[in-house]
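Protein chains in written order, with numbering that gives the first Met the number 0: chain A, 0 to 146; chain B, 0 to 434.
Since the hints were made in silico from the structure, they are not lab data. Among the hints, erroneous ones may be present.
[As the list claims (entries may be wrong)] Facing chain B, a subset of chain A residues (Cβ under 7 Å, in silico): (1) 10; (2) 40; (3) 43; (4) 45; (5) 47; (6) 70; (7) 72; (8) 80; (9) 99; (10) 102; (11) 104; (12) 142.
[As the list claims (entries may be wrong)] Looking from chain A toward chain B, a few residues come up when the C-beta cut is under 7 Å (computed): (13) 12; (14) 14; (15) 103; (16) 134.
[What the hints assert, rightly or not] Every beta carbon over 10 Å from chain A, so not counted as near; a handful from chain B, in silico: (17) 43; (18) 59; (19) 273; (20) 275; (21) 362; (22) 375; (23) 380.
Heads up, the beta-carbon is just placed ideally off N, CA and C, and yes, glycines get one too.
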Amino acid sequence: MRGKFAVKQISVFLENRRGRLADVARALSEAEVNIRALFLADSSEFGILRLVVNNPEKARAVLSAEGFAASETDVFAVEVEDRPGGFYKVVKTLSENGIDVEYTYAFAGASNRAILFFKVPDSEFDRALELLSNEGHKLVEAAEFYT
Amino acid sequence: MSLKEKDYMPREELQSLQLKRLKETVERAYHLVPFYRKKFDEAGIKPSDVKSLEDLKRLPFTTKQDLRDNYPFGLFAVPLEQVVRIHSSSGTTGKPTVVGYTRHDLSVWTEVMVRTYLMADVNEKDIVHNAYGYGLFTGGLGFHYGAEAIGASVVPASGGFTKRQLMLMKDFGATVLCCTPSFALHLAEVAKEEGYNLKEDFRLRAGFFGAEPASKALKETVAEEWGIQYVEAYGLSEIIGPGVAASCKHGNLHVFEDHFIPEVIDPETGEVLPDGEEGELVLTTLTKQALPMIRYRTKDITVIHREPCPCGRTILYIESIKGRADDMLIVNGVNVFPSQVEHVIAKVEGVTPNYVIVVDKKGVLDKLEVWVEVDESILKDGVGTLERLQRKLEEELLNNLYINAKVKLVEPKTLERSMGKAKRIVDRRQLEGGR
Ligand SMILES: [Zn+2]
C-alpha cells in the first residue's frame with residue numbers, strides 16, 4: 000500500500016529572518032511548482048515549513064540549489080467530510096491502535112471534503128495505512144497531488 | 000653519554016650546558032644574521048648581557064612573519080655552501096617559510112628523533128611504517144632518518160593509498176606506525192571496512208603521532224583500536240621539524256631541553272608565565288647552526304611542568320598542545336579554542352561541521368553564541384527535535400568547555416567559507432572598543 004499512498008512531503012528549514020518564507024515561495028513559483036498544501040511549525044528562532052507540491056523532486060532540487068536545507072518525508076493523506084467530527088474519527092483510529100501522530104495538518108478542498116495529512120513514525124507507516132483502510136477511511140492516492 | 004642518558008642528566012649539569020649553548024647561539028645570531036643584530040640593537044641588548052638562563056627573557060621574540068619577511072634565506076647564519084638540506088612549509092597565506100640545515104643540524108635532528116623513538120624503545124628489530132609525507136614537509140624525512148639511525152627497517156610509505164598501506168603494514172609485519180593521528184584513525188576505519196582484524200592481522204606495538212593537535216578522545220581511540228603505545232611527537236619546522244618533544248610512557252611530553260629551551264608567555268603581553276600556567280609556547284634553539292631561532296613564538300598553547308615525571312627523565316615536560324594562540328578566545332576569563340567547539344559539534348547528530356563562534360558584549364559580560372548549520376537529515380522530525388538538539392549542544396558545550404553558550408541553528412551555506420581555512424570566529428567586542 001505504501002507505494003500508492005505515501006505522499007512525498009518536502010520539509011524546509013527556515014531561520015526566522017524576514018523574507019525567507021517569501022524566498023521559498025518565489026523559488027517554487029519561478030520553477031512553476033504548484034503548492035498543494037503547506038504547514039509552518041515554528042519556535043522563536045526557526046521554523047520548519049512542510050509542503051505538499053505537485054512535483055516534489057523538482058521542488059527539492061530548486062530549494063537545495065537556493066541554499067535551503069530541504070528533505071523529503073513520507074506522509075499520508077486521508078479525505079474526510081468537511082464537518083465536525085471528521086478529523087476526530089481518523090485520529091481516534093490511530094490513537095486507539097497506539098500509533099503516535101508526530102504532526103498533522105489539513106486543508107479544506109473543494110465542495111464539502113477536507114484533506115488531512117499525517118506524519119507517523121516510519122515503522123508504523125504501513126500499519127497505519129492498513130488500519131485506516133480496514134476501518135473504511137478514504138486514503139488519498141499520492142498521484143492525485145502530483146499533476 | 001648514550002643518547003638516552005641525555006634525558007636523565009642531573010639538572011645542574013643540564014642547565015650549565017644550556018647556558019653555554021645559549022651564549023654561543025646568541026653570539027652567532029648577533030654576528031652572523033643582520034636581522035638579529037638589528038633587533039638586539041633596537042632593544043639595547045648585547046650578546047654579552049646574557050649571563051644566566053634568566054636573561055633569556057630579556058631577548059626579543061622572533062615570529063613567523065620575520066621568516067616570511069626574510070624569505071627565502073635571510074635568517075640563515077651560514078653561507079649556502081654549508082647548507083645541505085632545505086625544507087619549506089606550505090604557506091596558506093603569503094610566502095612559505097623556509098628552513099635550512101647544515102650537516103651538523105641534520106645530526107642534531109637525527110639525535111632528537113632517535114630519542115623520540117626511544118620513548119617506545121624502538122630498536123633494530125622493529126619495522127617502522129612511515130606514513131608521514133616525504134618532501135618539503137619535515138615529517139617524512141625526520142621520522143625516516145631517526146628510525147634508520149636506530150637500525151630499524153624503515154618502510155617509506157609516505158601519504159595516501161590507504162588500502163595499499165594497510166596491505167604493506169600487514170604483509171611486512173610493521174611494528175611501529177608513524178603518521179598524523181587523524182590518518183591513524185582513518186587507517187583503522189578503512190582496515191575494519193576491508194575486513195581486517197586490527198589486533199590479529201597486524202603486529203603494531205607503538206605509534207608516533209604528530210603534526211596536528213589531537214584531542215584526548217582521538218588519542219585514546221587510536222591507542223585502543225590499534226592496541227599500541229601512543230607516543231605524541233611535537234615539533235615544528237622553524238625549530239627543527241619533529242623531535243622538539245615526545246611523550247613518555249606516562250603520557251608526558253618531554254622537551255629535549257639540551258637542544259631547545261621552552262618558555263610559556265602570555266600571548267597578549269609577552270610576559271613569561273610561571274610554570275603550571277597556560278600560555279603560548281616560545282622556543283629557543285641551542286645547537287642549530289644554519290637557522291638559529293631565538294625566542295620563536297610558536298603560537299601553540301601549552302603549560303610547562305617541572306615536577307618530576309615517574310619515568311625518571313630530568314628534562315621538563317609540557318602539556319599536549321591545546322590549540323593555536325591565534326585562534327584562542329577569552330570569554331569571561333575562560334580560554335576557548337575553536338577546536339574544542341568543533342569536537343563537541345562533531346559528536347552531535349543533526350548538524351553539519353560548519354560553525355561560527357560569535358562573541359559579543361552584553362553589559363560587562365561576554366556573550367558567546369555558536370552558530371551551526373543544520374543537516375537536512377533532522378528535518379523529518381518536528382520542531383521539538385530541533386529545540387532538543389539546540390539544548391543538547393548547549394549542555395555539551397557547558398560540560399566540555401565550561402562556558403555558557405547560546406546555540407543558534409542556521410540554514411546551510413549561510414556561514415562564510417574561504418578556500419583554505421573557514422572563518423570560525425566573529426569577535427564583536429573589539430568593535431565597541433571594549434577591551
Ligand atoms: Zn616521563
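Outcome of the hint check:
1. A cut of 7 Å between beta carbons decides the hint on residue 10 (chain A): the least distance to chain B is about 4 Å, and the hint holds.
2. Interface restraint check: residue 40 (chain A) against chain B, minimum CB-CB distance 5 Å, threshold 7 Å, status holds.
3. Interface hint status for residue 43 (chain A): violated, as the beta-carbon distance to the closest one in chain B is roughly 10 Å, over 7 Å.
4. Annotation: residue 45 (chain A) was flagged as interfacial toward chain B, and the flag holds, the nearest CB pair being 6 Å apart, inside 7 Å.
5. At about 6 Å, the closest approach between the beta carbon of residue 47 (chain A) and any beta carbon in chain B falls short of 7 Å, and the interface hint on this residue holds.
6. Contact between residue 70 (chain A) and chain B, as hinted, is supported at the beta carbon level, the nearest pair being about 4 Å apart and thus within 7 Å.
7. Given hint, residue 72 (chain A) at the interface with chain B, holds; its Cβ is 5 Å from that chain's nearest Cβ, closer than 7 Å.
8. Hint status for residue 80 (chain A) relative to chain B: violated, with the closest Cβ pair at about 28 Å, above 7 Å.
9. Interface restraint check for residue 99 (chain A): the shortest CB-CB distance to chain B comes to about 11 Å, outside 7 Å, so the restraint is violated.
10. Because the closest C-beta pair between residue 102 (chain A) and chain B is about 5 Å apart, less than 7 Å, the hint holds.
11. Proximity of residue 104 (chain A) to chain B is violated relative to the hint, the smallest CB-CB distance being about 12 Å (cut-off 7 Å).
12. Here the hint on residue 142 (chain A) is broken, as its CB sits about 22 Å from the closest CB of chain B, past 7 Å.
13. Checking residue 12 (chain A) against chain B: minimum C-beta separation of about 5 Å stays under 7 Å; hint holds.
14. Contact between residue 14 (chain A) and chain B, as hinted, is supported at the beta carbon level, the nearest pair being about 6 Å apart and thus within 7 Å.
15. About 11 Å separates the beta-carbon of residue 103 (chain A) from the nearest beta-carbon of chain B, more than 7 Å, and the hint is not met.
16. Interface hint status for residue 134 (chain A): violated, as the beta-carbon distance to the closest one in chain B is roughly 26 Å, over 7 Å.
17. Distance check for residue 43 (chain B) against chain A: the nearest CB is about 57 Å away, which clears 10 Å, and the non-interface claim stands.
18. Chain A leaves residue 59 (chain B) outside its interface by the beta-carbon criterion, the shortest separation being 49 Å against a cut-off of 10 Å.
19. Distance to chain A confirms residue 273 (chain B) as a non-interface residue, since its nearest Cβ pair spans about 44 Å, more than 10 Å.
20. No Cβ of chain A approaches the Cβ of residue 275 (chain B) within 10 Å, the least distance being about 42 Å, so the stated non-interface status holds.
21. No beta-carbon of chain A comes within 10 Å of the beta-carbon of residue 362 (chain B); the shortest separation is about 22 Å.
22. Here residue 375 (chain B) does not stay apart from chain A, with its beta-carbon only about 4 Å from theirs, under the 10 Å limit.
23. For residue 380 (chain B), the requirement that its beta carbon stay farther than 10 Å from each beta carbon of chain A is not met, with the minimum near 7 Å.
Figure legend: structure checked against the earlier numbered hints; hints not met, in rising order: 3, 8, 9, 11, 12, 15, 16, 22 and 23.
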